[in-house]
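Protein chains in written order, with this note's numbering: chain A, 864 to 1155; chain B, 5 to 327; chain C, 213 to 542.
Hints were generated in silico from the structure; no laboratory data involved. The beta-carbon is built from N, C-alpha and C at its ideal position, and this holds for glycine as well. Warning: the hint list may mix true and false statements.
Stretch by stretch, here's where chain C covers chain B in the computed footprint (C-beta under 8 Å, at least three residues) [what the hints assert, rightly or not]:
#1 178 to 187
#2 192 to 203
#3 259 to 268
Below, simulated BS3-like cross-link-like pairs (lysine-lysine); rule was C-alpha separation at most 30 Å, straight line [said to hold, decoys possible]:
#4 Lys277/C x Lys358/C
#5 Lys392/C x Lys304/C
#6 Lys156/B x Lys234/C
#7 Lys46/B x Lys300/C
#8 Lys204/B x Lys483/C
#9 Lys228/C x Lys244/B
#10 Lys392/C x Lys358/C
#11 Lys281/C x Lys392/C
Listed below are the residues making up each chain.
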Amino acid sequence: MAEVQISAQRPRRSLWQRSRDFPILPLAVLLIVFIIPAFFAHWIALHDPYVPNLRARLQPPIFFGGTWEYPLGTDRLGRDIYSRIVHGAWYVLAVSFIGILVGVVVGTTLGLIAGYVRGWFDGFVMRLVDISLALPAMLLALALAAAMGASFLSVVIVVGFALWAYFARQVRAEVLLLRNADFVARSRVAGSSHFRILFRHILPNVTNTIVVLATLQVGIAIMLDASLSFLGIGIPRPTPTWGLLVSDGRDFIATDWWIAFFPGLAIMLTVLSVNMIGDWLRDTLDPRLRQV
Amino acid sequence: MTETPILEARNLSKHFTISAGVMTKRTHVVRAVDGLNFDIAKGETLALVGESGCGKTTTTRLLLRLQDPTHGSVRFAGEDVHALKGAALRKYRSRVQAVFQDPWSSINPRVRIRDFVAEPLVVNENLTSGEVDRRVHEALDAVGLGPAHASKFPHEFSGGQRQRIAIASAMVSRPELVVLDEPVSGLDVSIRSQIINLLKDMQAEYGVSFLLVAHDLATTRYLADRVAVMYLGSIVEMGKTDDVFDRPSHPYTEALISAALPSTPGMKRNEIVLGGEVPSPLSPPSGCTFHPRCHRIIGDVCVSKTPVLSPDPAGHCVGCHLY
Amino acid sequence: MNTSQTDALLDVRNLKVEVTTKAGSFFPVNDHSFSVKSGETLGIVGESGSGKSMTAMSLMRLLPKHAAKIRGGSVKLDGRELLTLSEKEMRKVRGADISMILQDPQTSLNPAFTVGDQIKEALKLHAPGGRKTLRERTIDALRRVKVAAPEHRVNSYPGEMSGGMRQRVVGAIAISCRPKVIIADEPTTSLDVTVQAQYLRLLKELQDETGMAILFITHDFGIVANLCHRVIVMYAGRIVESGPVAKIFAKPAHPYTEALISAVPSLHGQKERLTTIPGQPPAPTDIVVGCPFAPRCQYADARCHSEAPPTVAADQSGDHTTSCWRAVEA
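Same shape as in the complex, but just chain A (with noise of 0.2 Å):
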């Protein structure tokens, strides 16, 4: 309660002001390891990741007996992990960009129509994110594989199916809520139609939420991918998505560990970074936190 009493007629912070807390080191590593990468590969990689040099097999990494050739060792085939990682990058982001975009798009279109009329429709909806939940992304995965081969378009269908429910559920919990305000009750004494007050009134009021919660999703999206392409079923070979790279390392981690362990930390550091970030997106957007 004292807090309400001090907040209650606080001046809103500047962006500047709020800018401060910015985490710049996690969003300096996100570019670096990530977003560089994938808009640049051309430029800044050092070989072609596609063409095997057999010469140069299982060359380490520098400063492990490599050289300055191959930074980051070389695979069995000869072919340079640290180009085959930044070559990657964009089919990791692209694939966690297009799945959660699928993910938004059904999961809060459905969200708020079943927050919104309640009913029999809530109900269906309801059982679509239970049992979307309780299926594991992985037999999906499988599923499609098996029907349409796996692809590019199988992974972004798998990775939009294991996060729709998140953001339906989340988006639902907020309708319930949002629906019953006044301001809702005020404009439909003003006469607007529910299409007016769904988007007009009440997305609008979601929008942080999605947007945190999609920022929170590009971990869960970037992990999924490895790990469909680990098993197999992910993109296709070649192409060196983040998740193959490591397959490809797990005969060798004994002896030739560079293989499986920066694609590895690739994953990793972009992952903790998204997340970082995430956190820290929801703790501005989220007007309660940002009150106190």
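Fit chains B and C to the supplied structure of chain A, relying on the hints for placement.
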């Protein structure tokens, strides 16, 4: 009340069905509002007063067509409100507006003041954007806020200013009836009187009718021409504000008025202490629903027979076996 | 403030609380001095943001640690300084010597436990006893707040009770250890009129019975008029007026008090147009030069805007003080 009323509620009832228990499929019927009859004349303020759970909020939701009644009807300018469709409904929407209790939750935090105030115009009328702007500025001006505020967001305003904005939005389409649901109870004392005066000025200038819902009797006394006292979903007494407040007839009205704290120290009052609390509307008492708490109970008739709301020649109605 | 310090039960001198937010720091409690005697009810009146809840929280030493700090002054209960006590000692004071009734009976009870358990918990902390004595004292506490059939009600959950009944239970917890001071922070705001009247009478009866002092925080002058013996009026973190209720209503010395009293609609008498106070109270982070009420005051002159007025006696008796330049001149 010689002229035809602008709004007539006839036998208006809203019953909710609640299912109780996990294993059994037993259901209860809650009579949130039961058989209300009242009129509102042009330019008049009718107040619904009563304690929480008496059905006053449900009544406003029925009038605003946010809910449909179980029985009975609401007629606005002669037409059944709940049968309106299409253009007629849009017309009703722009002629009947509302101001809600909580100025913090009744304005969408993500919409600019201009868009908030303009909404009734934008959705119901075909106006050019310049015309809308002019009407919005007029409305903001009428509630004492300059046009410079139009481009701001709600969080830049205090509670009192927000309530002014809500009033501006309710008045912008020049409605004939505005439902005021506890318009000042969320505000600080020093702001309350500003809003009460503003509402009175608005009524004097535009001739709008108000349906006021309030639990604060003193506010009601300042704003209302007539008062309907509600208890457990029914009106127990209705009449001119001064008559009801100065000479309450129903025992519940007596108790309610006597319980209100006088505003000066040492003032003598004969407080009537009601026993117990408002019974659950799930299982209302038989006969007169007030009989278990009544200090003037006359006998078996109170327990067995539901009293009828009967008007005296002056139009003062009391629903009690004493009269 | 010449209340002799010897008979004061709770004596607050020059209390200052600073709140630090990212938007700056300010003093929601700025140099407060007041005292309350046994058996006395002191009303603390102010609007939202005036710092009245902060005052209560600082007396209990329950301020949010990261944001608010006590920056000076003293709080003496029965001559014992509370501000220097260790947290452990302070825990013994809370509940046993000072306790609190909060505004919202919905959230101040834990819905997962019976009301009996919650009263017992308070009792156990300060006066342990056997199972049977605890149960008896729990029932007794409920009986004292006039809950019907307390033997059955101890086993009820808060969800099974009405708002008024729950607020009685909150009261029962607060008085269960027979505290010397009760701080009631707008306990009746969420109650209906008839239930509010019952509750205020109950508080009065409990006070007559136990001689406890009550600090009643409210924005409602109606409650002050009917319940309190003395009142302090707060505005923007400062005490602008304090004195016996009858005097303040008869002859308010500060323009804010005067305006506040006349702005309250009355249930009786003439229905003339309500007087209003123009403008809004300052935001807590606003820098106030001079008297904080000056921008809204009908009597303000140049000095009011530039210099903060001192606290002076409003009449000869010395129990009525105000901080207003008009009183200084008189």
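Hint-by-hint comparison with the structure:
As drawn, the segment 178 to 187 of chain B meets chain C at 0 residues by the rule of a beta-carbon pair under 8 Å; below three, the given contact is violated. Under the rule that three or more residues need a Cβ within less than 8 Å of chain C, the assignment of the segment 192 to 203 of chain B holds, with 9 such residues. Three residues within the 8 Å Cβ limit are the bar, and the segment 259 to 268 of chain B against chain C gives 9, so the coverage statement holds. With a CA separation close to 37 Å, the supplied pair Lys277/C and Lys358/C exceeds the 30 Å bound.
A hinted pair counts as satisfied when its Cα atoms are at most 30 Å apart, and Lys392/C with Lys304/C qualifies at roughly 13 Å. At roughly 23 Å between alpha-carbon atoms, Lys156/B and Lys234/C fall within 30 Å of each other, so this suggested pair holds. For the proposed pair Lys46/B and Lys300/C, the alpha carbon gap of about 66 Å is over 30 Å, so the pair is violated. Taken as a hint, the Lys204/B and Lys483/C pair is honoured in the structure, with Cα atoms around 12 Å apart against an allowance of 30 Å.
Restraint check: the Cα-Cα separation between Lys228/C and Lys244/B comes to about 51 Å, which exceeds 30 Å; the hinted pair is violated. Restraint check: the Cα-Cα separation between Lys392/C and Lys358/C comes to about 20 Å, which is no more than 30 Å; the hinted pair holds. For the given pair, Lys281/C sits about 25 Å from Lys392/C by alpha-carbon distance, which is consistent with the 30 Å threshold.
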